Amino acid sequence: MLLIFLAIAAPAFFQPQPLLSLLTREAPTLVVACGMAFVIISRQIDISVGSQFAVCCVCAGLLAAKGWPMPMVFLAAISLGAIMGALNGWLVAGIRLPSIVVTLATMVMWREALRWKRQGEFVNLPDGMQWLGLSQVGGQWTLILVALVLLVVLAMATKHLSAGRFVYAVGTDAEAARLAGIRPQLTTFSVFVFMGALVGLAAMLNVVQSPQVDPKSGSGLELKVIAAAVVGGVAVSGGRGKLWGVFVGLLLLACISPALTHLHVEAYWEKAIQGAIILLAVVADGLRTRKQRS
Amino acid sequence: MNKILSVLLLACLAIVSGCGKSEPGSSSNAGGSKITIALMPKSKGNAYFISCKKGADKAAKELGVDLVFDGPTDPDPAKQNEIIENWITLGVNAIAVACENREGISTALRKAKAKGIKIITYDADAMTDARDFFVNQATPEGIGFALMDEAARLCGNEGEFAIITASLTAANMIEWQKYIEARRADKYPNMKMVALRPCDDLKDKAQSEATALLSANANLKCIMAICSPAVPGAAEAVKQAGKTGKVKVLGLGLPNENKRYVHDGVTDSVILWNTEDLGYLTIFAANALAKGSLKAGNKTIKAGTLGEFQIEGDSILLGKPFTFNKDNIDKFDF
Numbered sequence: 006m007l008l009i010f011l012a013i014a015a016p017a018f019f020q021p022q023p024l025l026s027l028l029t030r031e032a033p034t035l036v037v038a039c040g041m042a043f044v045i046i047s048r049q050i051d052i053s054v055g056s057q058f059a060v061c062c063v064c065a066g067l068l069a070a071k072g073w074p075m076p077m078v079f080l081a082a083i084s085l086g087a088i089m090g091a092l093n094g095w096l097v098a099g100i101r102l103p104s105i106v107v108t109l110a111t112m113v114m115w116r117e118a119l120r121w122k123r124q125g126e127f128v129n130l131p132d133g134m135q136w137l138g139l140s141q142v143g144g145q146w147t148l149i150l151v152a153l154v155l156l157v158v159l160a161m162a163t164k165h166l167s168a169g170r171f172v173y174a175v176g177t178d179a180e181a182a183r184l185a186g187i188r189p190q191l192t193t194f195s196v197f198v199f200m201g202a203l204v205g206l207a208a209m210l211n212v213v214q215s216p217q218v219d220p221k222s223g224s225g226l227e228l229k230v231i232a233a234a235v236v237g238g239v240a241v242s243g244g245r246g247k248l249w250g251v252f253v254g255l256l257l258l259a260c261i262s263p264a265l266t267h268l269h270v271e272a273y274w275e276k277a278i279q280g281a282i283i284l285l286a287v288v289a290d291g292l293r294t295r296k297q298r299s
Numbered sequence: 017m018n019k020i021l022s023v024l025l026l027a028c029l030a031i032v033s034g035c036g037k038s039e040p041g042s043s044s045n046a047g048g049s050k051i052t053i054a055l056m057p058k059s060k061g062n063a064y065f066i067s068c069k070k071g072a073d074k075a076a077k078e079l080g081v082d083l084v085f086d087g088p089t090d091p092d093p094a095k096q097n098e099i100i101e102n103w104i105t106l107g108v109n110a111i112a113v114a115c116e117n118r119e120g121i122s123t124a125l126r127k128a129k130a131k132g133i134k135i136i137t138y139d140a141d142a143m144t145d146a147r148d149f150f151v152n153q154a155t156p157e158g159i160g161f162a163l164m165d166e167a168a169r170l171c172g173n174e175g176e177f178a179i180i181t182a183s184l185t186a187a188n189m190i191e192w193q194k195y196i197e198a199r200r201a202d203k204y205p206n207m208k209m210v211a212l213r214p215c216d217d218l219k220d221k222a223q224s225e226a227t228a229l230l231s232a233n234a235n236l237k238c239i240m241a242i243c244s245p246a247v248p249g250a251a252e253a254v255k256q257a258g259k260t261g262k263v264k265v266l267g268l269g270l271p272n273e274n275k276r277y278v279h280d281g282v283t284d285s286v287i288l289w290n291t292e293d294l295g296y297l298t299i300f301a302a303n304a305l306a307k308g309s310l311k312a313g314n315k316t317i318k319a320g321t322l323g324e325f326q327i328e329g330d331s332i333l334l335g336k337p338f339t340f341n342k343d344n345i346d347k348f349d350f
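One line per chain: the protein sequences are A and B, in this order.
Residue numbering for the first sequence is 6 to 299, as defined by our numbering.
Residue numbering for the second sequence is 17 to 350, as defined by our numbering.
Accuracy of the hints is not assured; some may be wrong.
To be verified - Just the calculated beta-carbon pair ranges, DEER-fashion: (1) A:166 to B:346: 52 to 62 angstroms; (2) B:145 to A:99: 49 to 59 angstroms; (3) A:77 to B:202: 50 to 60 angstroms; (4) A:261 to B:94: 38 to 48 angstroms; (5) A:281 to B:210: 19 to 29 angstroms.
Just so you know, the hints here were simulated from the structure itself, not pulled from any lab data.
Being a predicted model, the structure only gives us computed values, none of them experimental.
The beta-carbon is built from N, C-alpha and C at its ideal position, and this holds for glycine as well.
Isolated chain B, as found in the complex (with noise of 0.2 angstroms):
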């Protein structure tokens, strides 16, 4: 009797398994020949992640592995750990975490890469010896560049521009400009920077500085804004001073923010990163790892229809930003 009822018990626990888990990795792991690979973005129903997903899911497509996709609804740090915890138990071959937090996730991830998971990181990184490698969407040397590079073609590589930053302070913005005036001071001689002015982040504050800017330096020709809420927030004032195409505006944004501007010819460029190209570098590098293809010291990277990219210590490096402009911003959706 007792054994009839274990045998029961534990068919009823596989059918629960099997159905309660719909990811396909839990099932044909057990055979050991597919690979599963679990992605997990900061949160689930951001655009932005969810822009990273279609470019995973191209990637896992092309490499016939199983893709699991979970996330906290919201940002939330100790439920990215739990779901790690589900995926230790579930013993998928590779983790790709977008951190939240970058202590908090970091336990959890040791603990995964004890038991063998290869781990990788994107977009937000952990402590470096929780994860095997990063995928770096972009370094400041890369933004300062694209941004200066842009800006002086929008000029014609000369002329008056200004820059909005968030805050004087903030470190990252500083390491920009540092690159920006770099790159200027290198190449684009006849381009003068007049100003820099602070909006606290805020988009409100950057149209202000905008329309004062304008008005305070009449032969401005460009406006570069650093901080994703300038960008609207300066095309904005430009739009209502009547400048519009007379003064270019750029900077560092998000699509959605800027497609009305970029559509109405405000705006002229917006740059970052391509985030499906970054969640497809992801899935493939991941897959490397957990193929043992790629091991630490390696110089570069194999992904697919997008070729080789280049590996800096640790870090994966998806390269060049990629400039959001009038005729392919409206494919993207964050």
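Pulled out of the complex, with its shape left as it was, chain A reads as follows (with noise of 0.2 angstroms):
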């Protein structure tokens, strides 16, 4: 619907450059947010995620300029957000810390710990990393394809593997599913190292992205992400979404900005529409379960 005013009131906004870019820029954020739909159906939270993709981009980024190889590169970012990720879920599934205070506190303890050790210092990549050597174009729809055939394979994969369902059968009762022979604390360990592991990975598609690394990346990455899965129609209460529906979710969020530039209106605004579509969201996600429930 938004899309179709926008082609009356700005064209321009479908020109096939700037469209390119967007999706591209977006690629990133897709693959943590299919990360985020996992944590939040096994009724978790892990706002850890933006100083994690800092951490791994900065990281990568030192590595390529030492001069390590591009997959090796891409092998230490995931393995390092996987190492990230194995803290947070050992803390929750294994001392059984809450989720939000945990990864409330992984999220301050890497952010500052990159201030501390870059001060702000941007990190120059090595000539010919940016979009992997390909030229530009090549480059954009490389890493929007990596985005996309990755959310095709975990949207199967829900469906069809076991460990897929594990993680709903987690997030609606964990008492049921251990019951039913699942082990929850197994699995809420698993969803966040794989949570990690792909932050990693989508640390890469954004470092491969341009010349230089800033040690902020990543900020305000977990709301975006947090808020692209709950527009996207995956329950806050655990158990239930699907990875199309944040696909969704996170184009709407991230048309909203340029949409509003494109239409000359004031960047007061765009937080405000944004808060709004979120707050939409919920209600109708609280409006649907009190029906189910009557």
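Once you've looked at the hints, go ahead and assemble the two chains, each given alone in its own frame, into the complex.
Structure below.
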């Protein structure tokens, strides 16, 4: 609906180059949003993803600047993400602390550690790393395709793999899942590790878009992906939600800011509109659950 | 026996203090002839302050004063205090500090001042009663005017431009915008500001904003980025949109973050102050203060090869911001 309105009011929005740029910029966010969907479906939350993202971006940049080959840098970033995810997972599933508290702590910890270490200084990447050595358009399409393929694979996996169904089961009712022979703690732990690994991959998709890395990358990413998941119909109470919905939710939120620029609306309104859309989604979700109960 | 021992001990102490403190100031200060100036950055490894020190070294050499340079490895207010205490013990003539924490450092500075040490702050000020003068690297008016003048020059005094700011609420940004607009209305009525977008002080967001600005405003001639991450962000967007040279990029930023784009011809001008001049002027001010030739109420100060600088109240003004471009940006490394 928004898109149709835009097509009439500001046709310039649909020029191919800016649109391609927009999608490329959102590719890493989509990868993180997929992970976040799993975390929320399993009835947890992870607000440390933005900080993890920054740590992975900076470390990947530093390794690349040291001359590591590209596949090794990818591997390192993904492993690093998985390790940070494992820390969250162990604290939540192993010691049974609330995930909001744990990830709030790790969010601050990673972000401040990075600030202390880098003092805001950019990491300059070696020549040829941008767009993975491809042309700009080739690189952009590659990144978008990686994110979309991942989305499709994960969406299929949630339906057809038992691991996917475990996540839904644990999110719906951990006790029932345990009685059914699922190990809820192990599932939760795995979800956090997987989230971390996806953050690592997303960080790589971000790093190769630019010749330098901003150590503040990923600030506010956690809010963006949680919002995308919620707007996309993932239930905050766990157990329900589809990755396709998350994809649509993310696209909607990602279009708001450039759309407002095209409509020459003052920037003061942007955050308010985003907030209103999120509120609308949560209210819709709340009404739906109430209907189901009655 | 006791006497011999104490003499020996004293001798040891003298040797230790002589060797341990490699700063040249400690020994010559006792003579009272040569002036020792202690210079402190917010943190030692920071390339910005290393550039300041380059200018300070030059000034110290010209003036024939001893320069002691020390600071925390990481920006740490407690460590800054510790170093000030050491300098008080050492008995330097003047201390010049870039303060990490305005309140935190002021107690130590007041103590130094009470001991007769002259205090100068540069880059970031302390509480006004804790120091004698502040070397102010840039006034909001100076920054705003310089940005607008440069944008007008790049656009040929007419056309549309857009501003990318850090946030719509940051006090310093609002202040700069006020002066940008005042200058535009006064001198460049044919320039038109078509949009003001916030980037949350993030390079990636600035890039997205600039991409949207470029496609939404077909006649855009120039993007002015007034927070440092926005300058490379906007440049990357212009480059990716294939509008290099057609849409000019300028902004307030750091040379190292923008070198690539300046050499590629995407970014035309990066505006900041000349950090070497800042260090140079700071040392000249500290020296004049220690010698007594700079007193409260003075209106100007002479600083060697750089000439005369204005003093407004207790602020020494470095003057007009400095523009980094293709020709000079490689001389700076921060």
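Verification of the supplied hints:
no. : hint                               : verdict
1   : A:166 to B:346: 52 to 62 angstroms : 55 angstroms, holds
2   : B:145 to A:99: 49 to 59 angstroms  : 54 angstroms, holds
3   : A:77 to B:202: 50 to 60 angstroms  : 57 angstroms, holds
4   : A:261 to B:94: 38 to 48 angstroms  : 44 angstroms, holds
5   : A:281 to B:210: 19 to 29 angstroms : 26 angstroms, holds
Hint check: no violations occur; every hint is consistent with the structure.
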